[in-house]
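Trainee: Sequence:
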Amino acid sequence: MPVGEDIGFLPGTEEEKMSPWMGSLDDNMDVLNKPDGESGEWGRAATRDLIRSRIKIKSLNFMRGRTFLNKYLIIDEAQNLTPKQMKTLITRAGPGTKVVCMGNIAQIDTPYLTEGSSGLTYVVDRFKGWAHSGHVTLMRGERSRLADYAGEVL
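The sequence shown begins at 1 in our numbering and counts up one residue at a time.
Honestly, the hints are just simulated from the structure, not real lab data.
Fair warning: there could be bad hints in the mix.
What the hints assert, rightly or not - Derived lysine-lysine pairs resembling DSBU-like cross-links, with alpha carbons at most 30 Å apart:
| # | residue 1 | residue 2 |
| --- | --- | --- |
| 1 | 71 | 17 |
| 2 | 71 | 128 |
| 3 | 58 | 84 |
| 4 | 128 | 17 |
| 5 | 128 | 98 |
| 6 | 87 | 98 |
| 7 | 71 | 56 |
| 8 | 98 | 84 |
| 9 | 84 | 71 |
| 10 | 56 | 84 |
| 11 | 87 | 34 |
| 12 | 58 | 34 |
| 13 | 58 | 71 |
| 14 | 34 | 84 |
| 15 | 56 | 128 |
| 16 | 71 | 87 |
| 17 | 58 | 98 |
| 18 | 84 | 128 |
| 19 | 128 | 58 |
| 20 | 98 | 71 |
| 21 | 98 | 34 |
With the hints as extra help, turn the sequences into a complete structure.
Mentor: Following this line, the structure appears as structure tokens:
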């Protein structure tokens, strides 16, 4: 039984179906992997390939029964998940696994969720005070002044 929305009947493997979600990773790789003059474009491409080979984007649908051992699990766009979906993901963490939930409750675009019912809000509230967790709120955007302004006025 799927945990989230069905990814549909696209042709190809799970990895091929999930590749459109690699765009944000690629955008950030471009920022982090700036040309340094020595390695050139070939070095940048090799670094990108190495990092992409270590990062796996998985569908929420296929998480039941999994156990992540010694992994760094990033749950991106967590504001669009329900508390039940967040529980399903976080309870997959096995020994040595770190879980990072990222999101912005002002950007919820799931029609049946609100700031109060979002899984991200739920996790932050439930883990508050637990010695092994932390919560960071960014006070400003990191994209651009235009993006910050659009977030305020739109």
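Trainee: Hint by hint, say whether it matches the structure.
Mentor: Hint check results:
Between residue 71 and residue 17 the alpha-carbon distance is near 22 Å, which keeps this suggested pair within the 30 Å criterion. This hinted pair checks out: residue 71 and residue 128 have alpha carbons roughly 23 Å apart, not beyond 30 Å. Of the supplied pair hints, the one linking residue 58 and residue 84 holds, its CA atoms being roughly 18 Å apart against a limit of 30 Å. With a C-alpha separation of about 36 Å, the suggested pair residue 128 and residue 17 falls outside the 30 Å cut-off, and the hint is violated.
Taking the CA atoms of residue 128 and residue 98, the gap is near 16 Å; set against the 30 Å cutoff, the hint holds. For the proposed pair residue 87 and residue 98, the alpha carbon gap of about 15 Å is at most 30 Å, so the pair holds. With a C-alpha separation of about 11 Å, the suggested pair residue 71 and residue 56 falls inside the 30 Å cut-off, and the hint holds. Of the pairs offered as hints, the one joining residue 98 and residue 84 holds, with about 19 Å between alpha carbons and a cut-off of 30 Å not exceeded.
For the suggested pair residue 84 and residue 71, the alpha carbons sit about 21 Å apart, so the restraint of at most 30 Å is met. Only pairs whose Cα atoms come within 30 Å are accepted, and residue 56 paired with residue 84 is accepted, the gap being roughly 23 Å. Of the supplied pair hints, the one linking residue 87 and residue 34 is violated, its CA atoms being roughly 37 Å apart against a limit of 30 Å. For the proposed pair residue 58 and residue 34, the alpha carbon gap of about 27 Å is at most 30 Å, so the pair holds.
With a CA separation close to 13 Å, the supplied pair residue 58 and residue 71 stays within the 30 Å bound. The straight-line distance between the Cα atoms of residue 34 and residue 84 is roughly 39 Å, outside the 30 Å bound, and the hint therefore fails. For a cut-off of 30 Å, the pair hint linking residue 56 to residue 128 stands: about 29 Å separates their Cα positions. A hinted pair counts as satisfied when its Cα atoms are at most 30 Å apart, and residue 71 with residue 87 qualifies at roughly 17 Å.
The suggested pairing of residue 58 with residue 98 holds, with an alpha-carbon distance near 16 Å, which does not exceed 30 Å. With a CA separation close to 18 Å, the supplied pair residue 84 and residue 128 stays within the 30 Å bound. For the hint pairing residue 128 with residue 58, the CA-to-CA distance comes to about 27 Å; that is within 30 Å, so the pair holds. Pair hint residue 98 plus residue 71 holds up; C-alpha atoms about 6 Å apart against a cutoff of 30 Å.
For the given pair, residue 98 sits about 27 Å from residue 34 by alpha-carbon distance, which is consistent with the 30 Å threshold.
Hints 4, 11, 14 from the earlier list are contradicted by this structure; the remaining hints agree with it.
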